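Given the coordinates of chain G, work out where chain P should sit on it, guided by the hints.
Here is what each chain is made of, one letter per residue.
There are 2 protein chains.
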Amino acid sequence: MELLSTNVCFNGEHRRYRHHSAALDCEMEFAVFLPPAAIGSESRTVPVLYWLSGLTCTDQNFMQKAGALKRAAELGLAIVCPDTSPRGLGLPGEDDSYDFGSGAGFYINATRQPWAPHYRMYDYVVKEIPQLVESNLPVTEERSISGHSMGGHGALIAALKNPGHYQSVSAFAPIAHPSACPWGKKAFEGYLGSDTAAWEEWDTTLLIPGAKERLPLLIDQGTADNFLEEQLYPEALADACEKVHHPIHLHMRRGYDHSYFFIASFIDEHLDHHARALGLLR
Amino acid sequence: MELLSTNVCFNGEHRRYRHHSAALDCEMEFAVFLPPAAIGSESRTVPVLYWLSGLTCTDQNFMQKAGALKRAAELGLAIVCPDTSPRGLGLPGEDDSYDFGSGAGFYINATRQPWAPHYRMYDYVVKEIPQLVESNLPVTEERSISGHSMGGHGALIAALKNPGHYQSVSAFAPIAHPSACPWGKKAFEGYLGSDTAAWEEWDTTLLIPGAKERLPLLIDQGTADNFLEEQLYPEALADACEKVHHPIHLHMRRGYDHSYFFIASFIDEHLDHHARALGLLR
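Chains as they are written, first to last, in numbering that gives the first Met the number 0: chain G, 0 to 281; chain P, 0 to 281.
Note that the list lumps identical chains together, so a pair holds whenever it fits in one copy or between two copies.
With a straight-line Cα cutoff of 25 Å, these simulated DMTMM-like cross-link-like pairs (lysine to aspartate or glutamate) come out:
id : residue 1 : residue 2
1  : Lys64     : Glu28
2  : Lys185    : Asp122
3  : Lys126    : Glu212
4  : Lys64     : Glu268
5  : Lys64     : Asp271
6  : Lys160    : Glu234
Hints are computed from structural coordinates only; laboratory data are not their basis. Since this is a predicted model, take the numbers as computed values, not measurements.
Just chain G, with the same shape it has in the complex:
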């Protein structure tokens, strides 16, 4: 784990690291925010919020644009932002479109060639990154997870498929039913093949009925989001939750769009949600 840069921020530290990922078989970069409580002479270990970003993003979008670090510093919450895919592998077509390949790993484990050996972002964010962070940084094994759009999908499937692994989960404008929307269909067909049975284990709406843990879902969605109708399907998820009494708090935010201006407006509420689950806030 090679330290690339450090920025002091709210008396904590924003750091970027590079490491070799075994899950992805390539070099990866990620960002971490350590709150003041975790650094310095009187420091202690702190719990972590894992944030998964959306299409085209790197580890930096959330750190620079979400306005989350002030509240995270106050709460004593670390934040870890992985990248959204392997990069620079030279696979055919990896840079041809914004919604497949580079910047679009979809947080699943690919089974089709040539993606299968590298595009295993699910294993990377659920297993490898937490192990790496927990072994090398002053953090506990208490974890929460959140994300935006493709990353909201990633956060929700990570939590639903791993009972007990996360203390809480939330999402902003998640791709809530990917096997039914154009972004998800393109990604799942490319990474998993055309047998839609193989898609079901990566679709939040389809995972809800069989979820082993009824961890409440906190979701914020802007009503002026350009992708709401065609790509996101929060109602399908809400319907699935209702059928099996899976707790969901779906906040439809009037006039808000898909941008980080939307995320910034409500991120503190999400941080507080996770902080309560992690025992940082009553």
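Below, chain P without anything else, positioned relative to chain G:
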């Protein structure tokens, strides 16, 4: 004034506009944040903080990265971010370096060709933009000004040269004595020529002795700023202030660098400083 986009943010609105600038004789884009108090059915006019960004920035860096909009929304403060230079004029050399020409207008009025007809960013930010904004948006003529690096220089000279025009001024890591540092020398020589007598009216440290108004200067500066020694010279400014009893609050922030992570960490203190001067906060 053509509206390019709107994002709802903290129940206010972030908007981008394009207009023809008479001062610069070209098309320009700028951004504005209107707090909730200024929009909607019960709206009123609100005062404005003008923010001048640093080298290479556009109107978007501050809006996306400073984390300022939450507090601005609470205070009822509008924020206007101009661009940092004319763009796309096709002048010889305008895109050759990051510290001269595009993205590097230095908030002065050029007198040398070919820059003189267009590079009049001082007139643009001090006169044209406030007139435009005050004529077209729900804002008052109560103004404050702040900025970062090159924009900190711009904010300080704008305030010092225009007694009564601004209620308050502040800066993050300003180029405090440009006629003595490499960035400033390059810009002043290019835009004004080699006669250094013509540089003095654009240099904060040199303007202090003759300032007609002793408006307090609030300045934050990181001690780990890579540009501190070679480019910024806050001590020269502090010395000049001391000699004539010009009030200055220079906060040296231990470990902080030149980035927006630094600005984000202290922007709320600056917003509160301006809000007090503008009557929004006691």
